[in-house]
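Just so you know, the protein sequences line up as chains A and B, in that order.
For the first sequence, the numbering used here gives the first residue as 1, with consecutive numbering after it.
For the second sequence, the numbering used here gives the first residue as 1, with consecutive numbering after it.
Derived by calculation from the structure, the hints in this document are not laboratory data.
Hints may contain errors.
[Claimed, not checked] Below, a list of computed lysine-lysine pairs in the BS3-like style, where the Cα atoms sit at most 25 Å apart:
#	chain 1	residue 1	chain 2	residue 2
1	B	K390	A	K29
2	B	K390	A	K109
3	B	K67	B	K31
4	A	K56	B	K232
5	A	K25	B	K409
6	B	K258	A	K70
7	A	K109	B	K232
8	B	K409	B	K390
9	A	K48	A	K112
10	B	K235	A	K70
11	B	K383	A	K56
12	B	K459	B	K111
13	B	K409	A	K70
14	B	K111	B	K458
15	A	K54	B	K383
16	A	K52	A	K67
[As the list claims (entries may be wrong)] So these bits of chain B aren't anywhere near chain A, every CB distance computed over 10 Å:
#	residue
17	K92
18	W241
19	K248
20	R292
21	H313
22	K383
[Said to hold, decoys possible] Computed beta-carbon distance windows for the label pairs:
#	chain 1	residue 1	chain 2	residue 2	range
23	B	R350	A	G50	49 to 57 Å
24	B	N170	A	D73	32 to 40 Å
25	A	E21	B	S333	28 to 36 Å
26	B	Q278	A	G97	34 to 42 Å
27	A	D71	B	N170	36 to 44 Å
28	B	G337	A	E21	35 to 43 Å
All C-beta atoms in this analysis are idealised placements derived from N, C-alpha and C, irrespective of residue type, glycine included.
Listed here are the chains, written in short residue letters.
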Amino acid sequence: MAETMILVPGRSQSQGTSLNEGKLKDEYKKVTSTAELNERDMRRLKLKDGDKIKLKSDVGQTVVTCKSKKDADLPTGMIFIPYGPPSSELMASDTAGTGMPLSKHMEVKVTKVK
Amino acid sequence: MTEATQTEAQAKDQVKDKKPAPKRVDPNAGKNVKIVKDATCTFCGCVCDDMELTVDLDEHRITKAKKACVLGRAWFYEHTVDTRPAVLIDGKEATFKEGVEAAAKILVDAKFPITYGMSDSTCESQRVTVDIMDTINGNVDTTTSVCHGPSGMAFQGVGESTATLGEVKNRADLVIYWGGNPAESHPRHFTRYAVTPKGMYIPNGKKDRTVVLVDVRRTPSTPVADIFMQVKPGKDFEVLWALRALVKGKKIANDIEKQTGVSREVLDDLVERMKNCQFGVLFFGMGLTMTRGRHFNSGALLSLAADLNEFTHFVAKPVRGHGNVTGADNVVSWQTGYPFGVNFNRGYPRFNPGEFTTTDLLSRGEADAAMIIASDPASNFPKAAIEHMKKIPIISLDTKDTITSSIAKVCFAVSTYGINTGGTVYRMDDVPITLRPAMESTYPGDQEVLEAIRDRVKKLLSGKKARVAA
Ligand code: SF4
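With the rest of the complex left out, here is chain B (with noise of 0.2 Å):
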């Protein structure tokens, strides 16, 4: 601004000063209202912690999420007050007490009971989880093995070359999304982590960033990127593995285009990039572990990004789903020696994908009573494993009705994490964030839940083992 321009600035200044500044309308007026600031959501892997969520208490709502995305503005705006009972063991609505009563008696009556969910959970009630399993030397599965679970058989494999989302928006200069679409399933991805914010040496945000997707189709996220390869479907394992092949240097074969869809130059411009960025990340989804290939897929892809580290710095990360599925990863993990598909019933953990995950313990019909918590298999698992739901007694933990918790022998209606319970959540970068929640619920949280359950079952438990004594 030029010194003329500057002070004819400064005299419309002066004018409007002078005039009654406008009267602001405070939306909040005269309602009982309550601001939570740096609030998180959980809807999704993002875990966004910068929330300012401004709650009705006469309504007992919230009505403004700032800074959410619109999937967290539905997160924050659709849970409301429940009527529906907090209890009902077969329909009907029962006590608090009996609910506890009814679960306990099913989990220490059955040969094989399963837990499976947590996702959508605390780290304290996953905890409670994992030790009632252990208890009743039962079954412990998260909704990661029919996620990233193939992703964490690759990490055994092949380890993980990894970043914190910080490190990303700070450094990576090259961004690959590999097998997802965050704009739809993770809107803030881009806008908070790993796209457009400006950084420590990324100063001028996605200007300084050079930004890939990959994918089978067309997606909302695709206007994002500079470069979108379009892969066959079923053939990233081909397109990954010539990559690698690349980067070292080795011969492809010459019908790789025909084979994957991928043109060799654009490949080969690919690996240069890769090869030439001063940070990059390859952020994989679902694309890679629900098809053909699964783990690998995902350790083919984690070992490209190990093979560029000859050149460069470049690091590789599951983009994840629920809020805590994380969480779930680490605490089961930390545990029990194993991320998801634990088995206790030999008195000691074992860890066996396609043994101990709950699609096969269901499809097999292998499990007599399942604890779900946070999550509805009875509408998104294959129809075999829903066939033997229906035959087993259910326990549901679930903030709203869902077909899993109509189906279920008994079932708790809980309060939200994050909006009605405080905890502890890891964001899917592993780092893990406390919540500050916004208004009381009606309901007790999954947790509070959960340790009655363990309670009651440690007790039936040991009146079990003195009548075997005597």
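The shape of chain A in the complex, shown without the other chains (with noise of 0.2 Å):
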């Protein structure tokens, strides 16, 4: 069953590290298909390190591999996820008059890859 939840993209170490070696190298694809969840969210969605899971936005639907974070990392409810093209597949396009699509905080709807 799918679940609703936050994805929050952002910069993390290993994505900034992984870009230079180049966009197109194993790495970065690796780091930004990474996503981050609780691990109490994790055992709801009876989810383990390594498994898949689809995002899907109004937009559009990423596959990626999720890992999970201790409680008081990450709250329950949101998905962290370096920046990087899975990321910008569920961006909607509307910049409200500002340039700026919403890149942070997109509602998705998580479901496992079975």
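Since each chain sits alone in its own frame, please combine them into the complex, following the hints.
What follows is the structure in structure tokens.
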């Protein structure tokens, strides 16, 4: 069953270092397609580290690998992912007259990929 | 040290002196190396200009980057000799001249040409880019529009109480980071500028400062903070507005904690600290500009800093991402009067975010040619924009292969600013810094490519005008 969560794309150190190797290299692709979820959310969704999940927004969808984070580090209901092509897939183009698409705090539906 | 221990120590030293000194192995012995002192890292907006680089001239790469953080080291070590062709047209190798000709023709023939990127490029190159777009009545936009563009709008609305990072280092006793994670995005921001360094009025470094971090989640930056304030996602504006009210002695809603996740006690404590510090600074990141509220969030924070000047000295600074994104704002501003999202269609500059910003121009399918400089919108823009990019001719200038360069009609491989080419960049606090390149590259700098395109564009246009006149 799909569950709605808040996706927060952002920078991470490994995203920054792999970016320097090259955006078409495997390391960058791996880093930007690994999403962090709260451990309790992971248990509820019957997920373990390394499982694949589908994230779906109003405009697109993408499949990423998941990794658990402790309760203290990431609130339940929130997903963190380093910026990259998978997070862009989910971004709407409306900028509300500012030029800036909403790139953080996107509502996404999460389902386990069997 | 007492006198007795001093003599003991001296005696020990004398014994040591008699032993033959261990031979120091010079790791660079026999190698053809060059040391570049006071070089600048341009990977992030901190623009650290205290690097000491060891360059292996035979292997043509930087083998050591003293003082660089983990991101800076990756930046220096990964820029090595590349083998990709200098110019590609439709994926086929071409000469420099052919590339310039094809690019100039695309720009001159287009009805609505745009340019985007520029934040990893020198001010000198940015200046040439604006010149090109001015000449062809095109559109100029930079990565600012998808980073601190909303803050740029807020500056125009409420002003900016500002300072350099040097002032922060020497004076700030209250440092607040809002919506950012410098430990991972700007690793030396804490150690070089704002948290740990000792300053003129901050003799004990971090001990003399209170550091507050505001974010929706704990990050590797959180341990640095004395106080961590966790806000519910999308509630930054509400918290900032509540702080403004409390600073002015006004009432706030009783259910503020329920709304924002931050208790009244935490807010009151922060207000007292802000009003009573000697020199406070609010650094803010994209947690404010990329979320609901955008320019209103930045505006609320800038207003809070302004309000606090009734009580003490308080400043606010956006933490800027790319090495010269601040330069892009400066150059585009002094050339057109506006910082980003500037359109020359009518022969004079007009500024309108939402209309002349690249995400919008591409998503709405308005641009019919694009010159992308040192940036990769085909990987980080919304889908509709990327789909349109695939339909129009793209000119790409980049140091590495990217998704954008792979869909470009004309693709120039260029050398890296700060490593291979000199020039000027602006640090995130608007301080200009001159680059000291470490080694030559086989590729031209983007300035050279852009100047050649500009000259060719001007030639082609003068020919066109002559034809019209005849
Ligand atoms: S903080 Fe930024 S500019 Fe300084 S060394 Fe690290 S990546 Fe380079």
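Consistency of the hints with the structure:
1. For the given pair, K390/B sits about 21 Å from K29/A by alpha-carbon distance, which is consistent with the 25 Å threshold.
2. With a C-alpha separation of about 28 Å, the suggested pair K390/B and K109/A falls outside the 25 Å cut-off, and the hint is violated.
3. Among the hinted pairs, K67/B with K31/B is consistent with the structure: their alpha-carbon atoms are about 22 Å apart, no more than 25 Å.
4. For the suggested pair K56/A and K232/B, the alpha carbons sit about 22 Å apart, so the restraint of at most 25 Å is met.
5. With a CA separation close to 22 Å, the supplied pair K25/A and K409/B stays within the 25 Å bound.
6. Only pairs whose Cα atoms come within 25 Å are accepted, and K258/B paired with K70/A is accepted, the gap being roughly 23 Å.
7. Restraint check for K109/A and K232/B: the C-alpha separation of about 19 Å stays at or below 25 Å, so the hint holds.
8. With a C-alpha separation of about 10 Å, the suggested pairing of K409/B with K390/B holds against the 25 Å cut-off.
9. Proposed proximity of K48/A and K112/A is supported: the alpha carbons are some 10 Å apart, at most 25 Å.
10. As the CA atoms of K235/B and K70/A are separated by approximately 23 Å, the hinted pair is consistent with the 25 Å bound.
11. About 13 Å separates the Cα atoms of K383/B and K56/A, which keeps this hinted pair within 25 Å; it holds.
12. Using a Cα cut-off of 25 Å, the hinted pair K459/B and K111/B holds, with the two alpha carbons roughly 18 Å apart.
13. Only pairs whose Cα atoms come within 25 Å are accepted, and K409/B paired with K70/A is rejected, the gap being roughly 46 Å.
14. Distance check on the hinted pair: K111/B and K458/B sit about 16 Å apart at the alpha-carbon level, within 25 Å; holds.
15. Straight-line distance between C-alpha atoms of K54/A and K383/B comes to about 17 Å, which keeps the hinted pair within the 25 Å bound.
16. For the hint pairing K52/A with K67/A, the CA-to-CA distance comes to about 10 Å; that is within 25 Å, so the pair holds.
17. Every C-beta of chain A lies more than 10 Å from that of K92/B, the closest at about 19 Å, which supports listing it as non-interface.
18. Distance to chain A confirms W241/B as a non-interface residue, since its nearest Cβ pair spans about 18 Å, more than 10 Å.
19. No Cβ of chain A approaches the Cβ of K248/B within 10 Å, the least distance being about 28 Å, so the stated non-interface status holds.
20. With a closest Cβ-Cβ approach of about 7 Å to chain A, R292/B is found to fall inside the 10 Å limit, against its non-interface label.
21. The claim that H313/B is not at the interface with chain A holds, since no C-beta of that chain comes within 10 Å of its own (minimum 30 Å).
22. Some Cβ of chain A comes within 10 Å of the Cβ of K383/B; the nearest lies about 5 Å off, and the non-interface call is violated.
23. Between R350/B and G50/A the C-beta distance comes to about 51 Å, which sits within the given range of 49 to 57 Å.
24. A C-beta distance of roughly 34 Å is found between N170/B and D73/A, which places it inside the suggested range of 32 to 40 Å.
25. Checked against the given bound of 28 to 36 Å, the beta carbons of E21/A and S333/B, roughly 34 Å apart, stay inside it.
26. Between Q278/B and G97/A the C-beta distance comes to about 39 Å, which sits within the given range of 34 to 42 Å.
27. Hint check: D71/A to N170/B, Cβ distance near 40 Å, so the stated range 36 to 44 Å holds.
28. The hinted range of 35 to 43 Å is satisfied by G337/B and E21/A, whose Cβ atoms lie roughly 39 Å apart.
When held up to the earlier numbered hints, the structure conflicts with 2, 13, 20 and 22 and fits the remainder.
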